[in-house]
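> One letter stands for each residue in the lines below.
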Amino acid sequence: MESFEDQGIVLSLRAHGEHGAVVALLTRDHGRYLGFVNGAKSSRMRGMLEIGSVADVTWRARTSEQMGAWAIDNAQNTAAFIMTDPLRLSALLSACALVDAALPERESHPALFEGMKALMSTLQMDVWAQAYILWEIAFLRELGFGLDLSRCVAGGDAATLAYMSPKSGCAVSLKEGEPYRHKLLVLPEFLKPNGYRDTQEIDIARGLKMTSHFLEHWVFAQHTRGVPEARLRFESAFATTHSCQISA
Amino acid sequence: MALRKDHGPLEQVIKYLSTLPGLGPRSARRVALYLLEHKMDVLRPLITAMDDAAEHVTSCHICGNLDTLNPCRICADTTRDHNLLCVVASVADVWAIERTGSYKGLYHILGGVVSALDGITPEQLRIPQLIERVTRHDFREIILALSATVDGQTTAHIVQDKLSPFSVPITRLAHGVPVGGELDYLDDGTIVTALRSRARL
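Residue numbers (the working numbering), protein chains in the order written: chain X, 1 to 248; chain Z, 1 to 201.
Calculated directly from the structure, the hints in this document are not laboratory data. Backbone N, C-alpha and C define an ideal beta-carbon position, used for all residues, glycine too. Please note that a few of the clues may not be correct.
[To be verified] Some chain Z residues close to chain X (C-beta under 10 Å, calculated; not the full set):
#1 152
#2 192
#3 193
Sequences and hints are given; from them, build the entire structure.
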């Protein structure tokens, strides 16, 4: 009998049979793991299995190759804290969908787990949108697609970074990037070395567009389903809510 | 004793019964056996009632409620407040609200909520019909009576977004401590929501 105990974040659920569901969890020490939850549609379990819930979990299977089953306990429904805010809820669903779609199964990513937990607590604060973009940058790095915001890829002044190269994922200084600005992504103010931290909505929209580009062209380039619907819906909802559509 | 394959009609009855929610093959056999043992007092009336329901019960073209009339009795009732609209997920929700007798407006049934678990997307809901209804009629208020779950609230936000071009006020049901609920038994999320939605006495 194979089993382990861990802490997990509910990423997604897929109905299986009349009462059960296959649940994907991001666990602290074992990474993204799937398992069957018996009675997942019951009124008691539904509350525990909301996307974004953090719980103590036990995975069991006869052999390690099997999908196995989850026993879920002490679930904390983090979505309940932000449920009334469409954008924050949308950001939570987007983060869970990204991890679920991009992360390979059974590969340990403790930093990503801690990052997700930190993001979920930050979603209740005022700086949630900046935190979300920083989380996506960290997520890209965790998957091996790190962005370089420390220097100008064209050899310019690192103190005046203003753009991002969509090809290299490196920052470009204002002077070096100016002739190519129509091809470059705009670096949000709060990601610049000496940028002001009192972020405007347009900066968040720029940040979402920037990370969206790398998610689409790097992480999900080989995925047949592309960038998860929840991520696209979040970016579009943010732009619509704050009337800050960024032209392509 | 295992059921033999040559029990044609009985096999069929069990097969169909076992597809109903809450019934497996074993309980379907028990139900089938009970029906056949009570042919005259249960089985025949049940066949008549189900045949009648299949023949006459339809979905109301206005609100999506199930009734023998189309428009349904609620939509056709002139004593109800036709300027107040309550958006719910399912017919069961209409029955739950009607049971209280405290609401006298009209309904709009979405036909579910956006759900990863049940595989329901926004495109599968009756949102375009709601938009058309709001365009045609000048409602005083629209109440979003959807569950306080991620799926329910995601659906509520989508509906709210679609209704944003209209000037009609949109409200939602209160979230918080249930009547008869004790604080030390409530989860953190419910207590936080209840604190945020507190009312002045």
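> All the hints need checking, so say for each whether the structure fits it.
Now the hints, each set against the structure:
{"no.": "1", "hint": "152", "result": "holds (9 Å)"}
{"no.": "2", "hint": "192", "result": "holds (6 Å)"}
{"no.": "3", "hint": "193", "result": "holds (6 Å)"}
Of the numbered hints stated above, none is contradicted by the structure.
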